[in-house]
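K.L.:
For chain D, the structure is supplied; the task is to place chain G on it using the hints.
Quick note, the sequences are listed as chains D and G, same order.
Sequential numbering of the first sequence, starting at 197, is according to my numbering.
Sequential numbering of the second sequence, starting at -4, is according to my numbering.
Treat the hints as calculated values from the structure; they're not laboratory data.
Where a beta carbon is used, it is the ideal one built from N, C-alpha and C, also for glycine.
Quick list of simulated restraints, FRET-style, between CB atoms: (1) Ala309(G) - Arg226(D): 55 to 65 Å; (2) Ala26(G) - Pro324(D): 26 to 36 Å; (3) Pro373(D) - Glu37(G): 26 to 36 Å.
Here are a few chain G residues that face chain D, going by a calculated C-beta distance under 7 Å: (4) Glu8; (5) Ala20; (6) Val43; (7) Tyr46; (8) Arg47; (9) Ala50; (10) Ala55.
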Amino acid sequence: MRRHYRSAVPDSVEAWFQREILCHEPALVRFLARQLPGPADVQDVRHDVYVRVLEAAERERPRAARAFLFTVARNILIDRARRNAIVPMDSLEDLESPSVLKDDVTPERQASNREELQRLSRLLQRLPDRCREVVWMRRVENVPQKVIARRLNIAEATVEKHLVRGIRLLADAFHGPERADDD
Amino acid sequence: MTTEPGHPREAVEAAAATWIARRDAAGWTAADAAALEAWLAESPGHRVAYYRLNAAWERAGRLQGTRAPSRLRPLAIAATVLLLIAAALVAMRTDLFRSTPDTSTQPAVANVTEAAPPAILPVPPETTPMPAAVRVEPGAVALSPAPRPQRYATAIGASRSVALADGSRVTLDTDSQIRVSMDGLSRTVHLDRGQAYFEVAKDEQRPFAVVADRLRVVAVGTAFSVRRVATDIRVVVAEGTVRVDDDGALSAGGTAHVEGDDVKIAELPPAEVERTLSWRSGMLTFRHTPLAAAADEFNRYSTRKLVIRDASIASLELGGVFRSSDVEAFAQVLEGTLPVDAVILPDRIELTARSALSSAPP
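Extracted from the complex, chain G is given alone in its bound form:
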């Protein structure tokens, strides 16, 4: 006997599961969301069932980006044919057609043998219905040789948008460099430095991986940014879901930040996501940002560096949206809003604590 006579547990669980199925489907409206909230509010039994089912459903999402066991891929044959055609097209389009891959990066050959992480699923690679022509044993020469990684870089203050062979688009921030390797089995981008925003074309047969130092982000069909400035590495997801280091899935609003040996995960509200991505439209957004950090960020975009001369002003907080290409304007705003003097020199801009003589009454 349950605590709610007339609402047997079975019916409640079935209802909760139906809500979850509909919630994630197309055509879910605000009215539907309100109805769900109302249903949840009706009784703690509803909430229990929903929380419990939702917990498992959410965790199952971590499998996104992994490869399905062979018996779950009814369309694998057709997709494989398409892949071969696509791989051939990629090989024809690249002007670097070598039989030995670039030794500076291993990803092309390495990924052919790794593919999607087959070790995770209890299905040996031999059962994958891939024609022998595409499966490459270590040491063998690929029949469709992997093209050498393509390198793209931006100078300080520059920005660049690159269309990749698979339909993905990468927007490079200032002072950034990536190396792109794509073949019939995988798509990999190495972020050597800087910041890049990835809009990944959906290709379930070829997960899209971004590697920044030891961090690996795998996407299926998403939009996200990866940042690597010195030892600071972070990921922000704008759309869809990515998998970080095989360790966890990040969805829209999710962010991962590498701190030493740890990876810290957090959720950002949409406005915050926009803030971290405003560089794509040439704007830098600061909110309660210490002056030192803001200056460091501006300095990525400008060869004329901001130099803080007085330690006392380094932690003053500022906020606002600034054009990344206009460091002088930024310095002027600093003078107007903080007790800071800016001296504009040919090769740098010096920031000092406003002297007593020149300080205006607040």
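Next up, chain D with everything else stripped away, as it sits in the complex:
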């Protein structure tokens, strides 16, 4: 089977972040979900973790991205727990133990691109109807927003609203853990 690979080009922080950090989001989210009360907290802390990782990486690229990511995650959770001051000490020890890394599947397995296309198609199916139509027309068929508005008989501003929502939902589905109810 043919392998596709990118030739070596100077690596932007954005490319590094996308390639080395975002690929661990499923594991990170699962880890955070065990420690946090609700999905909004998980997303907030995920964001905070990424911000701290990016700030550090913009100064100096960490050698072991995944380990660094989870170290930052643990530190942020510990800070948070200490701030809230209601978490008993033994839970903090849980956070400090490195075993949390063991049970997570490494994402190094390269999905074939056929598989990836199937996955992308599945993810798009999960979007709400209007969002999905707009995202498909805009991103896959390259239809201009004005024409989408005409075809769907809605205002251009509404098209943008659906698009903005679709972009966010798509990212959550794309980066996050696979859902059990995926078709």
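P.N.:
Leaving out everything else, chain G in the frame of chain D:
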């Protein structure tokens, strides 16, 4: 609580998504791009949200060229009618109207059953709203028989521009040959040898595929070149997006190069893209190119071949823009700029290392 009180994550993500939506829309100006850069520079939280959303948005582009699930095609019926009309026109215009396709190439019939890659999407072909007249089961005789593939070729040193039935245009380079098959469901060009530049008319119902040996490039509405010289196969995209081997999408500036069993992808700056496409205006552009490679390239355009007699000069690097039809001028420039002597014979031009006696002081 986020690290940026007053900038909740929700608002930042919504802003990042809005930037992405506007960035890809018409009317995006340099001032807008500057504003985006400024917004990104404002905080790492902005950058995180933008990188994360952009990563998924970019990857979603790989679906370009695939067929939408049936419930996403509100205009499929109207488009199908247009397609039938177009297919009928194509059948009338071709002077080869046979019920059995050319056996030397299978693409016409094969593509009718493959169509766009339906296996990728979880929608069975039966749900596609195609009238029965156009859907062909394997072994059946098509009601609108596929025309036999049209062959176009150029001699050494020649170039040719061909207008295809669908409105696309193909520019053939020297010593090239293509076979074009188009029917109501697909458009396929086989590049047998040489180099060709494709300006593909947009037709979302019929992806445009170029096949070079085992490499398959699918375009929706783009401009790109494919090169097949001996075992060297490469693709350069000038405009739009193509899909290579179902494996990856290349956009403007993207290039794919087949190396054995692998396909190597890279991004070229616009100037570099122009360089690789200068053959279309009859010019060859070299930049840090070894003499052997430059000579090989010139030899594609000339029956009077450049022959390198001394291995020592083969890796000398040269640069410049040369008219592909004027190999003598090229040889003269070589003499003027490199320690090379050129002997012009009736049937070839010999290149040797400049002898000590004739070498001029630098």
